[in-house]
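Engineer: Chain residues, written in single-letter form:
There are 2 protein chains.
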Amino acid sequence: MTYALGIDLGGTSIKAVAVTPAGETLAQTNVPFVDRDMEWAHKVRATVGQLEHERGGRASFVGLSAPGLAAKDGRSIAIMPGRLIGLENLDWMTFLNAPQPVPVLNDAHAALLGEVWLGAARGLRNAIMLTLGTGVGGAAMVDGHLLRGAISRAGHLGHISIDWNGPKDDFNTPGSLEHFMGNKFIAQRTGGRFATTHDLVQAVEHGDKAAEETWLRSVRALGCAIASFVNVLDPEAAIIGGGIARAGRLLFEPLQKFVAEYEWRAGGYQVKLLPAQLGELAGAYGSAANALGAVGNGV
Amino acid sequence: MTYALGIDLGGTSIKAVAVTPAGETLAQTNVPFVDRDMEWAHKVRATVGQLEHERGGRASFVGLSAPGLAAKDGRSIAIMPGRLIGLENLDWMTFLNAPQPVPVLNDAHAALLGEVWLGAARGLRNAIMLTLGTGVGGAAMVDGHLLRGAISRAGHLGHISIDWNGPKDDFNTPGSLEHFMGNKFIAQRTGGRFATTHDLVQAVEHGDKAAEETWLRSVRALGCAIASFVNVLDPEAAIIGGGIARAGRLLFEPLQKFVAEYEWRAGGYQVKLLPAQLGELAGAYGSAANALGAVGNGV
Numbered sequence: 001m002t003y004a005l006g007i008d009l010g011g012t013s014i015k016a017v018a019v020t021p022a023g024e025t026l027a028q029t030n031v032p033f034v035d036r037d038m039e040w041a042h043k044v045r046a047t048v049g050q051l052e053h054e055r056g057g058r059a060s061f062v063g064l065s066a067p068g069l070a071a072k073d074g075r076s077i078a079i080m081p082g083r084l085i086g087l088e089n090l091d092w093m094t095f096l097n098a099p100q101p102v103p104v105l106n107d108a109h110a111a112l113l114g115e116v117w118l119g120a121a122r123g124l125r126n127a128i129m130l131t132l133g134t135g136v137g138g139a140a141m142v143d144g145h146l147l148r149g150a151i152s153r154a155g156h157l158g159h160i161s162i163d164w165n166g167p168k169d170d171f172n173t174p175g176s177l178e179h180f181m182g183n184k185f186i187a188q189r190t191g192g193r194f195a196t197t198h199d200l201v202q203a204v205e206h207g208d209k210a211a212e213e214t215w216l217r218s219v220r221a222l223g224c225a226i227a228s229f230v231n232v233l234d235p236e237a238a239i240i241g242g243g244i245a246r247a248g249r250l251l252f253e254p255l256q257k258f259v260a261e262y263e264w265r266a267g268g269y270q271v272k273l274l275p276a277q278l279g280e281l282a283g284a285y286g287s288a289a290n291a292l293g294a295v296g297n298g299v
Numbered sequence: 001m002t003y004a005l006g007i008d009l010g011g012t013s014i015k016a017v018a019v020t021p022a023g024e025t026l027a028q029t030n031v032p033f034v035d036r037d038m039e040w041a042h043k044v045r046a047t048v049g050q051l052e053h054e055r056g057g058r059a060s061f062v063g064l065s066a067p068g069l070a071a072k073d074g075r076s077i078a079i080m081p082g083r084l085i086g087l088e089n090l091d092w093m094t095f096l097n098a099p100q101p102v103p104v105l106n107d108a109h110a111a112l113l114g115e116v117w118l119g120a121a122r123g124l125r126n127a128i129m130l131t132l133g134t135g136v137g138g139a140a141m142v143d144g145h146l147l148r149g150a151i152s153r154a155g156h157l158g159h160i161s162i163d164w165n166g167p168k169d170d171f172n173t174p175g176s177l178e179h180f181m182g183n184k185f186i187a188q189r190t191g192g193r194f195a196t197t198h199d200l201v202q203a204v205e206h207g208d209k210a211a212e213e214t215w216l217r218s219v220r221a222l223g224c225a226i227a228s229f230v231n232v233l234d235p236e237a238a239i240i241g242g243g244i245a246r247a248g249r250l251l252f253e254p255l256q257k258f259v260a261e262y263e264w265r266a267g268g269y270q271v272k273l274l275p276a277q278l279g280e281l282a283g284a285y286g287s288a289a290n291a292l293g294a295v296g297n298g299v
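For the record, the sequence lines run as chains W and D. Heads up, the first sequence is in our numbering, so the first residue is 1 and it goes up one at a time. Heads up, the second sequence is in our numbering, so the first residue is 1 and it goes up one at a time.
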């Protein structure tokens with residue numbers, strides 16, 4: 001039986017799916033690792049071996065995603081400083097001894113492809129994805145093309161400046177969306193009162209007015225950024241994922257309101273705001289979709 | 001001889017070129033009109049007739065660009081409220097009695113295609129264009145694809161918010177790049193001291209310190225926006241055109257500095273800042289390129 005493996009190498013675990021070309025899931029797994037001595041690489045190889053063993057034959061297609069910027073030829077991650085030492089320029093076809101190329105994607109790019117293939121953006125040709133977590137990740141598909149760009153950096157939507165006089169983030173962007181929404185800046189944004197966005201949202205749920213004000217400021221920043229993305233990328237939908245999106249209606253209801261305030265609704269057209277559906281498996285499904293050529297126009 | 005006609009319908013004049021598939025210019029013309037009773041439409045038809053008459057035979061390819069959002073099928077402008085009454089949904093193939101479809105583009109999209117075909121972005125697969133004039137126009141090509149989007153709105157780069165608490169522009173965007181750089185806001189930005197950006201730049205040239213401060217604020221806003229576009233669209237080059245770009249080194253020197261301050265230079269990669277080369281004919285050349293399928297991957 002023809003099937004694909006999609007592997008998403010994260011910061012602390014490997015998510016993998018075995019899936020048919022029609023999108024039927026045959027197996028899924030989550031393998032934690034410690035980031036030392038390329039343990040992640042050996043565990044990816046072992047995971048592929050295990051999944052192929054279970055299916056009784058090699059996968060016809062294998063795709064992989066990981067943090068960092070993919071190489072031009074799509075066979076490796078070219079740029080990923082500081083973490084996952086050994087990942088840069090590792091050719092996954094060679095490393096996995098695969099019978100054919102193993103296409104490699106940035107993890108956020110893969111997550112969007114996954115949502116377009118089998119999730120919230122199913123069948124859309126114009127969609128953006130925002131992953132609200134420690135940082136704010138992103139990716140964009142326009143006219144059926146996943147945007148990659150000159151060095152596969154396109155879609156870093158968390159690093160748009162919405163406050164040009166604000167402090168710079170890790171990527172040199174002043175007052176970025178990530179600064180306003182990323183969990184890593186929550187203590188800074190709340191004067192140390194909250195350690196996580198989850199705590200903040202719980203306080204909002206319990207009627208804490210100061211917490212609500214802080215939270216709505218973040219949501220308004222997100223709404224403003226989405227209005228900019230509408231003008232630059234013209235999506236049919238913005239898919240919102242990541243841990244912070246679990247806030248549910250506490251996120252989506254005010255977000256609808258802020259987007260309505262800032263969106264250019266040419267011809268009455270409105271962007272849809274949709275929660276992501278594939279959770280932490282989005283990247284694995286997207287990697288499989290990439291290997292299968294299952295979505296969009298290809299590159 | 002096989003040739004193409006590229007027509008750019010502007011706000012006050014029609015620019016047209018006759019050009020070979022190899023990019024050799026055979027003729028060019030600029031026909032002013034008054035925006036009433038569809039004078040522009042009849043003058044486009046007369047211009048096409050005149051150019052075809054001069055060449056002794058009909059053009060093999062005709063492309064057109066105009067303000068507004070192009071229709072999904074690329075045969076007309078679907079949305080253009082308030083000006084050029086009669087343009088919306090006018091099918092140009094029918095109107096021009098052309099032997100084959102006349103592909104229609106948004107004017108900023110066409111200008112970028114022109115610069116990619118024969119101008120500053122020649123041969124690039126990843127480029128953005130910013131046209132600094134009354135407003136701030138824009139367009140983007142990523143991975144060889146001109147970005148159009150769900151309703152052909154992609155690339156409205158002037159309408160990115162860089163100051164989320166700023167006043168809203170015509171498109172509902174708070175503190176937009178257009179607000180900081182567009183000529184239409186110059187009196188507002190300078191407390192009525194300058195009526196045009198040209199006057200402001202002349203004062204800078206003559207050593208006026210207050211004027212310089214105002215001007216550098218605009219240039220810094222542009223640099224900040226370009227840094228955001230680098231993260232979202234990942235271009236090799238930003239092409240800067242429009243009347244305000246004639247400021248030359250007074251624009252480009254500080255702009256380089258501000259972009260250096262804000263740009264994420266992953267792997268040492270730097271976006272190039274290049275003056276547009278085709279001036280007011282960019283849209284006409286881009287319309288011809290679009291009809292010829294001369295640049296990029298098509299859609």
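Just so you know, these hints were derived from the structure itself, not from any lab. Among the hints, a few may not be true.
Below 25 Å or equal to it, Euclidean Cα-Cα: the simulated DSS-like pairs (lysine-lysine) are [claimed, not checked]:
hint : chain 1 : residue 1 : chain 2 : residue 2
1    : D       : K272      : D       : K257
2    : D       : K257      : W       : K168
3    : W       : K209      : W       : K168
4    : W       : K168      : D       : K72
5    : D       : K209      : W       : K72
6    : D       : K168      : D       : K209
7    : W       : K257      : W       : K272
8    : W       : K272      : D       : K209
9    : D       : K72       : W       : K272
10   : D       : K272      : D       : K209
11   : W       : K209      : W       : K257
12   : W       : K168      : W       : K184
13   : D       : K184      : D       : K168
14   : D       : K272      : W       : K257
Now the stretches of chain W that chain D is said to cover, found in silico as 3 or more residues with beta-carbon under 8 Å [to be verified]:
hint : segment
15   : 3 to 16
16   : 33 to 45
17   : 99 to 112
18   : 181 to 187
Beta carbons are placed, not taken as given, at the ideal position from N, Cα and C, and that holds for glycine.
Engineer: If a hint holds in the structure, say so; if it doesn't, say that too.
Structural biologist: Tested hints:
no.: 1; hint: D:K272 x D:K257; result: holds (12 Å)
no.: 2; hint: D:K257 x W:K168; result: holds (16 Å)
no.: 3; hint: W:K209 x W:K168; result: violated (28 Å)
no.: 4; hint: W:K168 x D:K72; result: violated (39 Å)
no.: 5; hint: D:K209 x W:K72; result: violated (46 Å)
no.: 6; hint: D:K168 x D:K209; result: violated (28 Å)
no.: 7; hint: W:K257 x W:K272; result: holds (12 Å)
no.: 8; hint: W:K272 x D:K209; result: violated (47 Å)
no.: 9; hint: D:K72 x W:K272; result: holds (19 Å)
no.: 10; hint: D:K272 x D:K209; result: violated (28 Å)
no.: 11; hint: W:K209 x W:K257; result: holds (19 Å)
no.: 12; hint: W:K168 x W:K184; result: holds (14 Å)
no.: 13; hint: D:K184 x D:K168; result: holds (14 Å)
no.: 14; hint: D:K272 x W:K257; result: violated (38 Å)
no.: 15; hint: 3 to 16; result: violated (count 0)
no.: 16; hint: 33 to 45; result: violated (count 0)
no.: 17; hint: 99 to 112; result: violated (count 0)
no.: 18; hint: 181 to 187; result: violated (count 0)
Comparing the model with each earlier hint shows violations of hints 3, 4, 5, 6, 8, 10, 14, 15, 16, 17 and 18; every other hint is respected.
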